[in-house]
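Asks: From first to last, the protein sequence lines are chains Y and A.
Letter 68 of the first sequence, counting from 1, is numbered 68 in the numbering used here, and no numbers are missing.
Letter 49 of the second sequence, counting from 1, is numbered 49 in the numbering used here, and no numbers are missing.
Hints are computed from structural coordinates only; laboratory data are not their basis.
C-beta atoms are modelled at their ideal positions from N, C-alpha and C, and glycine is treated no differently.
Below, computed lysine-lysine pairings styled on BS3-like, alpha-carbon distance capped at 25 Å: (1) Lys24/A with Lys125/Y; (2) Lys24/A with Lys72/Y; (3) Lys148/Y with Lys89/A; (4) Lys42/A with Lys168/Y; (5) Lys72/Y with Lys11/A; (6) Lys72/Y with Lys16/A; (7) Lys16/A with Lys101/Y; (8) Lys72/Y with Lys79/A; (9) Lys24/A with Lys168/Y; (10) Lys17/Y with Lys89/A; (11) Lys125/Y with Lys70/A; (12) Lys125/Y with Lys16/A; (13) Lys72/Y with Lys70/A; (14) Lys125/Y with Lys138/Y.
Derived coverage of chain Y by chain A (criterion: at least 3 residues anywhere in the stretch with Cβ under 8 Å from a Cβ of chain A; other residues may be distant): (15) 4 to 16; (16) 71 to 83.
Covered stretches of chain A, as calculated for chain Y (at least 3 residues, CB under 8 Å): (17) 5 to 19; (18) 32 to 45; (19) 67 to 77; (20) 82 to 96.
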Amino acid sequence: MSAVVDACFFINWSQFKQRDDIFKLFHTLIIPEIVLDEIRNSIARSYLYLLAYQRRVSIAPRVGIIDREALKLFTLINSSSILPRIDEPESYGLALALMLKLPFLTDNAAPRLATRYIEYLREAKVYDSLIVLKMLYKGKKLITKVKKYSDDTGVIFSEERLQEEGIKWVTNF
Amino acid sequence: MGDEFLRIVSKEYNVKILWDEYRKVLGEFRRREERAREIRRKHANWEFINKQPEPIKSALKILVETGDIKLASMISGLKVGIIDEYRRKANIPYTII
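If we strip away everything but chain Y, and leave its shape as in the complex, we get:
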């Protein structure tokens, strides 16, 4: 199975020392062409070059039919004045994942929250890095890896978010 990846997820994940473990879950990462410009971080860029060389990454071109769905998602999600926003590349990624029936990997809460209150998105699979870590590792190893991931990337998971995934761990959050 492949997964569609957003810039924030890719940038964060590329800093993780066990980053290649993601290919135990997905054989290819699909990055929409319009997301590429957002990946400016040098570590993430180097990782992208490496994956392209290894043919583990696929770049999805911009297509009109997905653009129309992306605009709809962009408008719907950003219509809430309180919840976090989604940007155009990210809404394109979500639209592409929906159309291909593939998981969408993003560390922005907006698409994940939208799957809870927009009925037709309930079938969408939106995973943040915590969900991916949980899919990869089990038990005590999971707790160790979550800590390692936070150390490597500077990402902090809220205690509530950890509890949602059934991870019992006192954070500094």
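For chain Y, the structure is supplied; the task is to place chain A on it using the hints.
Replies: For chain A alone, coordinates are given in the frame of chain Y:
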């Protein structure tokens, strides 16, 4: 703006919003975001942030207060990738709530 804009847009697109769930999500988000803001304020390197020229300085302050890099990008006119580079330099944690 409240819920009104979402009502209009969802009607326009003929999309069903699960309003009870939406309100639950809003409540959870407000609570979690308040705690996340405290963490970002605590960890941020304010000396570094205050030394930056505009619009980088304001973008980083928006990021600390809201955690919303897209909003910081939209208001400052800087690309998300650029703000993210400065976020790392300013030691502002990426908080997943």
